[in-house]
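All chains, please: the whole structure from these sequences, using the hints.
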Amino acid sequence: MGLALVIRLGGHLSWALLLFIPVVVTSARKIGSEVRTRTRTGQDKLAEIQNILHETVTGHRIVKAFNTELWEILRFKKAATRLFRANLRSVRIQSISSPLMDSIGAVAIAMLLLIGRNEILHGRMTMGMFGAFIILLFKLYDPVRKFAYFYNSFQQAMGASASIFSFFDAEDDVKERPARSPCSAFRTRSSSAM
Numbered sequence: 401m402g403l404a405l406v407i408r409l410g411g412h413l414s415w416a417l418l419l420f421i422p423v424v425v426t427s428a429r430k431i432g433s434e435v436r437t438r439t440r441t442g443q444d445k446l447a448e449i450q451n452i453l454h455e456t457v458t459g460h461r462i463v464k465a466f467n468t469e470l471w472e473i474l475r476f477k478k479a480a481t482r483l484f485r486a487n488l489r490s491v492r493i494q495s496i497s498s499p500l501m502d503s504i505g506a507v508a509i510a511m512l513l514l515i516g517r518n519e520i521l522h523g524r525m526t527m528g529m530f531g532a533f534i535i536l537l538f539k540l541y542d543p544v545r546k547f548a549y550f551y552n553s554f555q556q557a558m559g560a561s562a563s564i565f566s567f568f569d570a571e572d573d574v575k576e577r578p579a580r581s582p583c584s585a586f587r588t589r590s591s592s593a594m
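First residue of the sequence shown: 401, per our numbering; consecutive thereafter.
Among the hints, erroneous ones may be present.
Claimed, not checked - The calculated lysine to any residue pairs, modelled on SDA-like cross-linking and capped at a C-alpha distance of 25 Å, are: (1) K445 to E472; (2) K539 to F554; (3) K478 to Q443; (4) K546 to L488; (5) K539 to V423.
Unchecked claim - For each label pair, taking beta carbons as the anchor points, the in silico distance ranges come out as: (6) L453 to P499: 34 to 40 Å; (7) S581 to Q450: 42 to 48 Å; (8) F476 to P543: 20 to 26 Å; (9) G531 to V423: 23 to 29 Å.
What the hints contain is simulated information worked out from the structure, not anything from laboratory work.
Glycine included, each C-beta is placed from N, C-alpha and C at the ideal position.
Below is the structure:
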């Protein structure tokens with residue numbers, strides 16, 4: 401409804417907005433794919449820490465016997481640092497999205513104000529129509545910002561679930577022969593035979 405009103409009020413002015421659709425979609429996709437990659441990396445680093453903890457806790461006798469506590473502590477710290485850096489990169493990429501969408505919106509509004517001024521000066525649009533057009537445009541801008549946020553959240557979920565999907569897609573190492581013969585029935589010894 402709002403989009404139809406923007407097109408109706410703005411006329412050919414609203415077609416200038418089409419210039420920004422590829423910019424918004426391309427930037428959201430690029431940031432989203434980067435978020436997905438960084439989330440997957442963070443999941444791998446978290447799994448590394450869990451493996452280190454599991455090995456250390458289950459093999460604590462071996463660690464104590466060989467006096468390698470300091471080595472295990474350093475190994476855990478290095479893994480925790482790698483996880484911290486991976487999560488920091490992921491947060492940094494996600495934090496780019498909102499300012500980028502705001503910058504794109506600011507450029508679009510500035511361009512529309514410039515074009516709208518010329519439309520009003522040449523009598524093709526009234527001040528009231530242009531004001532209503534800008535107000536409706538601001539109302540449509542919020543869903544565009546939310547689209548980028550939700551797309552990033554979706555990509556983050558896809559990156560986190562990649563290991564689950566790869567587990568489902570994994571094939572067994574041992575394959576059954578296609579022409580296998582059925583097992584014969586098992587017979588149990590009777591108690592009298594014992």
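Consistency of the hints with the structure:
Only pairs whose Cα atoms come within 25 Å are accepted, and K445 paired with E472 is accepted, the gap being roughly 16 Å. With a C-alpha separation of about 24 Å, the suggested pairing of K539 with F554 holds against the 25 Å cut-off. Straight-line distance between C-alpha atoms of K478 and Q443 comes to about 16 Å, which keeps the hinted pair within the 25 Å bound. With a C-alpha separation of about 22 Å, the suggested pairing of K546 with L488 holds against the 25 Å cut-off.
Distance hint between K539 and V423 is fulfilled; the C-alpha atoms sit about 19 Å from each other, no more than 25 Å. Distance hint check for L453 and P499: the Cβ-Cβ separation is about 37 Å, which falls inside the suggested range of 34 to 40 Å. With their beta carbons about 43 Å apart, S581 and Q450 fall inside the hinted range of 42 to 48 Å. As the Cβ distance of F476 to P543 is approximately 45 Å, the hint placing it in 20 to 26 Å is violated.
For the pair G531 and V423, the supplied restraint of 23 to 29 Å holds, since their beta-carbon distance comes to about 25 Å.
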